[in-house]
Amino acid sequence: MILVVAKTLFILIVVTLLFAPLITWVERKQSAIMQDRIGANRADLAGMTFLGLLHPAADVIKLLSKEDLVPAGANRFLHALAPILSAVPALIAFAVIPYGATYRFGDTTFTLVAADIDWGVLYLLVIGSLATYGSVLAGWASRSNWSMLGAIRATAQMISYEVTMGLSIVGIFMVFGSLKLTDMAVAQDTTFRVFGFLDLFASLPAGAGWLNAIRLPNWGIFLQPLAFLLFLTCIMAENKRPPFDLPEADSELVAGYFTEYSGMRFGLFYMAEFIEVVVIAGAVAALFLGGWAVPYLSQETITAGVASLFGEGFANLVCMLIHVGCFFSKVVFLVWLQMLIRWSFPRFRYDQLMDLCWKVILPLSLLNIFLTAAGMLLAQQIAPGAAAS
Amino acid sequence: MSFEMFLFYAFAFLAVFSAVAMIGFVRHIVAAAMSLVVTMVSLAGIYVLMHAELIAAIQILVYAGAIVVLFLFVIMLLDLRDGGLGPAARGQNLVKAVGVGGTVTIGTLVVASVSGVFSVNPLVESLPEGFGEHRALGIALFTDYALAVELVGLVLLASIVGAVILAKRKID
Amino acid sequence: MEAEAFDVAALAPLGFVAIGALVTLMLEVVLSRRAFVGEGVDPETRLVARARIGIVLAFASSAAIVLAMYAAIYQFELGFETAFGPGRPMLQLDALSTFATALIGLGALLSVWLSITYLPALRINHGEYYALLLLSTAGMFVLVSAVDLISLYLGLELTSLPIYALAGFNRRRLRSNEAALKYFLMGAVASAVLLYGMALLYGATGHTDFTGISQGFAGGGGLALSGLALVIAGLAFKVSVVPFHQWTPDVYEGAPTSVTAFMAVTVKTAGFVVLMRFLVLALPEMGEKVSVLLGVLAGLSMLIGNLMAVVQDNVKRMLAYSAVAHAGYLMVGFAAGTPEAWTAVLFYLFVYLFMTVGVFCVVIALAQGGREWDSIEDFAGLASQRPALAAVMTLFLLSLAGIPGTAGFMAKFYLVVAAVDAGQIALVLILVGTSMVSFFYYLRLPVVMYMQKRRQDPDAETSSSEIVVLALCAAAILYFAFFAQADPFGTGVRALDVAGRAADFLH
Amino acid sequence: MSIPIEHVISLSALLFVIGVVGALTRRNLIVILMSIELMLNAANLALVGFNRVWSVTAEGAARYDGQVFALMVIAVAAAEVAVGLGILLSLIRNRDSLNVDDASLLRW
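From first to last, the protein sequence lines are chains A, B, C and D. Here the first sequence stands for residues 1 to 389, numbered as in the numbering used here. Here the second sequence stands for residues 1 to 172, numbered as in the numbering used here. Here the third sequence stands for residues 1 to 507, numbered as in the numbering used here. Here the fourth sequence stands for residues 1 to 108, numbered as in the numbering used here.
Note that these hints are calculated values from the structure, not bench results. Every residue gets a Cβ at the ideal spot worked out from N, C-alpha and C, and that includes glycine. Treat the hints loosely; a few may be bogus.
What the hints assert, rightly or not - Footprint (simulated), chain D over chain B, 3 or more residues, beta carbon under 8 Å:
1. 11 to 23
2. 27 to 36
3. 46 to 52
4. 63 to 72
5. 148 to 161
Please work from the sequences and hints to get the whole structure.
Set out below in structure tokens:
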């Protein structure tokens, strides 16, 4: 019980108190670099700006001290509820994402994930579908045209991309044969032979045996490259950040569904968005980048290696630290990737957005499912039990 | 009372309360939709308690995530400023609804308990390994019930075609 | 012929219409692009192009239906009998289901032909019409062979959902919107009730397949009985039996007439066949109690249907109440519940198809200029202007009334004989009495057509497809009036024997 | 200890009745649609609940009739809502009211 609480608190604190504010800073710096500006550097403590790292703190103080306005004629209850409904799913989504493997310390065994449920991926989809309510209600309860338009766009966009998001990762379920994220991470802690498919035609000639030595980590991104692209697109569209920010398109709709929010309620929407960036990074890392897995160094290898020198308990601890570090470096990389995308592409037009979803991603994800099924059948022909794509 | 039972009653109360709220006493149609969501989610909780995890997930995904959002979407599209329920529809109907609902419920329960309606098979206490999990249910779906899955596909196609032809703004 | 449990050929009829639906959907898209139906084309050209596309789609869907019917008839002749479904039987392919499949196919085929000129006349010529019609037909094919609550429910929804949309297909017309709305709301409530009944049946017996239910049902018990009542109520709604008939007049009047014709014949056939199978397979022990319940429904339907029909001024509305009355007649057969009664019911459904399609075809033949000519006054003096149309209309109405010399009489005759044999004297008396009442309203139209002067002037030509349908229906009615049990042309097929073979499976 | 089936079915019956009452007494079309959804949900609850009762065959293998049925119902419910809202929208285009009593062109 204590372990569960500790794990939950750890991930909550890391994500909300560490990552989310940090990302606002990364975003500012990233945009500054890409636009050839200097970027956040004004907030200072006794003259020291710390590279602009004080801005997140200043933001929080500003948001907390601002007046909390509720527009006249708004539905007060729903207006107050909406930011909470927006933030809570983002916060609880991280519960199923494993940030470390299973470790043994003496008699206790534990897995570094807050809730190790069997249908982890479905849980993520469920949370994603519930996240829609925050924006819908915000837009509707504000009784403002901007908000309403933003909410209508948000609804249509989120429902559409939810469908394709679910379909795009079906290939991953098929390859790993599980919906459990911890299982997936364990499965990705291995490698596979890149040229294994050659076995289909003939066993390799002796001289070409080196081909067998070429191995890649058994990661989702290598097994399902198409799914990776599609899933990343969909989940970014779910988060409604640029270039998919039609619901809050500032040049047309002021701030979309949360136009009529101020103070900490506005802050909650803002925070939800940034937490979602981390959640996206975590989910993509867990599904496609091996989660906590270190490429070419499986858990047994690390543990055995360290244990031979310093004993088993210490080996597990080291292994745990390496895994957690590895996971969060992947998260940081993916966050940076999202920032890069966010500042590189112009906003879609609405019809382009919908066309992308229904006419490009949907057929491609169906194709991906089909190809994966065909590939798995083929792999079974070659060597029963071996995974290949 | 075990924790499981406590959760069941809590969910049951929430489900019934918000269902009554939906048809009885909310002032605005969006509030009615939100009550429906609460009912759906509580039912999903009950499904989890009854070892039907997949159903629970799908319940939230489809009902809360798609169906009610669709309702909200249409409500927003129609832009019902006056609350949509109409002022006259409330007080009198509430009395009527509570009256009819109460009578029918009590009647049902009395008849049921007298006639022993609920005397069904006893519960199986030792469920097979992994009962209700996605894997077992998925295998059942695509082996024994494959035909039903295909038929559902046709139903969905029919509804898409029907809904598009009815709701499309310009058709010729 | 014994087939394997997982024999895809068994699903040929269903497959043909389902694929046909997909093909028509795709074809419409492709052809619309080709024919420049898009932007920037003047409306006149677009209308012509649409009409052409409509004809192509009608032919495509006819082909699909004909193939399905051919497959069904082939299966019928082979004596096909297989429980279909991977792992567990969901559909039972046998004489009854193939017979009903062919019958429903015929109804759908005739409705497609009715639509060819009717849709352009009402300016609702959209390709989705045919796809929806085919999907609904596929649902009925599922329904007539369902031996499991799951396939029954899915078949029912697949049947109904497209029809809800088709009823509202004339989007510009408020009546059509409202018809769709009423049908949808009541239909959805009915199917929810049906579903709850199924859940209770499942809870009581532990099975969803009919035979399993019949085994688990043994003792009865409150749960099973309430489930059964809800299921029968839900199915009764679909076949518009009193007191679940309120939607019928509204939907019949508001929906486009070709849709009315389609659902009047096919949904009724499918609904009665599935009810028949459910009663016989799932509740063999329940004969007595259920038969009383069905008898009450039958009596109410005959009385209310016929009495309400008398006061109608709109032909489609009148036909709706007459449909309720006919559902009552058919329920008499259900109350009897003997093999002969089932045979009579199937034969009745067969004849009813021709009469009903024929009547609606006449209404369709008068439609033009975006408007229907469906009030009684619209028929005034029709005989002087379009004698052939008035003549066949009279024939159809006489047949519906059950006057000797028409197939309708023979159908009713066999039903009465079977019911008398089964001892349902009271119901037979009601049947005969209300049939007398029905003469009033059925004969009102011929009186108006022949005795009154023409007031309005529909100059619509009767199109060739309509002539084919009218001729076919009229010929069938005359033929089966005299040769229901005979075989004058030596084809080796006797209508009543075929119906008997279909019904025979049940016992 | 697991939840007694009687309680589950009572809850389901209660929800079903609430749905029926809503569908019959409310005049707003969208609320009627929601009530119908509630009825379907009640049926689902009964199906899943009964599946707990009939969860194993005589041989001890798991049986999923009720749960599979419930899944089908969820899918069909989505289809039904789509068609229902489509009909509603086409109606609203012609007549600006959501009140079911206004649908009165067709009577007796």
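> Does the segment 148 to 161 of chain B contain three or more residues whose Cβ lies closer than 8 Å to a Cβ of chain D?
Replying inline: With 7 residues closer than 8 Å to chain D, the segment 148 to 161 of chain B meets the three-residue bar; holds.
> the segment 63 to 72 of chain B covered by chain D? Criterion: 3 or more residues, Cβ-Cβ distance below 8 Å.
Replying inline: Answer holds; 5 residues pass the 8 Å Cβ test.
> Does the segment 11 to 23 of chain B contain three or more residues whose Cβ lies closer than 8 Å to a Cβ of chain D?
Replying inline: Check passed, 7 qualifying residues.
> Do three or more residues of the segment 27 to 36 of chain B come closer than 8 Å to chain D, measuring C-beta to C-beta?
Replying inline: holds (count 4)
> Taking 8 Å as the C-beta cutoff, is the stated coverage of the segment 46 to 52 of chain B by chain D satisfied by three or more residues?
Replying inline: Our answer is that it holds, as 6 residues pass the Cβ test (under 8 Å) against chain D, meeting three.
The structure fails none of the hints (numbered hints given earlier).
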